[in-house]
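Fit chain B to the given chain A structure using the hints.
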Amino acid sequence: MSPSPVYLDAATAAPLHPVARQALLAALDDGWADPGKLYTQARRARQLLDAAREATAATLGVRTDELSFTPSGTTAAHSAVLGGLAGRRRAGAVLVHSAIEHSAVLHAAERHLTGGGTATPVPVDRLGRLDLTAWAAAVRAPGVALAALIAASHEVGTVQPVAAAAELCAGAGVPLYVDAAQVVGRTAVPQGWSVLTASAHKWGGPPGVGLLVVRKGARWESPWPADERESGRTPGVLNLPAVVAAAASLRAAAADAAAEAARLTPLVDRIRARVAAEVPDVEVVGDPVDRLPHLVTFSCLYVDGEVLLHALDRRGFAVSSGSSCTSSTLRPSHVLEAMGVLSHGNVRVSLHRETTEADVERFLAELPGIVADLRAEAGVVGL
Amino acid sequence: MTEPVEVLDCRGQRCPLPVIALARRLPDLPVGAVLRVLADDPAAAVDIPAWCRMRDQDFLAAHPDAYDVRRAT
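Same order as they appear, the protein sequences are chains A and B.
In terms of UniProt numbering, the first sequence opens at residue 1 and continues consecutively.
In terms of UniProt numbering, the second sequence opens at residue 1 and continues consecutively.
Same shape as in the complex, but just chain A (with noise of 0.2 Å):
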């Protein structure tokens, strides 16, 4: 018999909330149509979609016409790096960003350094937190256009000094763009931002809806061909259902999301203190205190982190890893190698409002077995 699964990667995709289910199942049947039409149909699906984003809108703090919903979180993260750079050429064409950023930040980069920008990364310390002291100089450079910062690292769970990072933006005269995909729907949502972006599928609802967050008054250009809907920022009719589906799970996530802090945070802190306990040779990274609730990230010396991930798929375990033999590229976490800490042999959970303690105690119980017998093959054991 199989054992029963155990699904600890809410980090990539959490698990659909009942009511993102409920919500969209109602959709199907009502918001098919196109909400820039002119009939009663399209009424309808407009009447869902200003009701989505006033939602949205409401659970974050910002005004609806600051608010579009995107096709993706990428699209979002794209959208905000691309349109912040481009409505900011007068003032330069440099990119600031942290070392630890999500890859669909770093790709944008890519594509801005393709067309003849700069990008200035700042590092992170050992804990995987940024170093503020760098930022304050790398925003302060001339030509800088936009700087980008994640809320807090999706990979190690760190949460970074937005507030202190944005003021050394704003002195400067610097708009800041903040990734908050991994604390949207969980966490305070920091402030000081010009530019926001969050993704549907982390706090439990459906895949395929990102959320763009432009500040009245925040120098923003769309980087993509004209398009009129979701204020000429997106292009593209939106997955009405989806976003319908994604707006009401954020209201109940972020109405739960207190007290699932409450319960998650010890259950983290317990895999922290047991798998440095109870696995030899195991390094567990980032911010021990100043960290996300429900997630940790762990390295273990001599094995290999796609045997690792195999091992533990085949007892029933869903979790990530940042080394390098998980990735297509083989190159190991860019989160990881900025940190300086082991990446092989790399472990990330990350829970969700399912996970139970039954679950995590079952992963604890099972983990330091798993991972002497893959040492016992390789023939590492005692080194």
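Hints are computed from structural coordinates only; laboratory data are not their basis.
Incorrect hints may have been included.
[As the list claims (entries may be wrong)] Facing chain B, according to a computed beta carbon distance under 8 Å, are these residues of chain A, among others:
1) E283
2) C325
3) P332
4) E337
5) V341
6) G345
Glycine included, C-beta positions come from ideal geometry on N, C-alpha and C.
Showing chain B alone in chain A's frame:
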């Protein structure tokens, strides 16, 4: 002393193999001796210094596809 007494060729090996080879060989060398590990897996640039930190050994230098480690303990 910073000149390597021995070179360990781990080119073509994927992590964690270069780190395992280093962990096997370094204890055989006298304290103070320097071992050069040749490795072209990009993860070695992260994992060899991290191993030195975890095992209290001295990471001396990174060259292109080569890393110098001194046995400290």
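Status of each hint after checking the structure:
1. E283: Since chain B brings a Cβ to about 7 Å from E283/A, closer than 8 Å, the hint holds.
2. C325: For C325/A, the interface hint holds, since the closest Cβ of chain B sits about 6 Å away, which is under 8 Å.
3. P332: 4 Å, holds
4. E337: 5 Å, holds
5. V341: 6 Å, holds
6. G345: 7 Å, holds
When each numbered hint is compared with the structure, no violation occurs for any of them.
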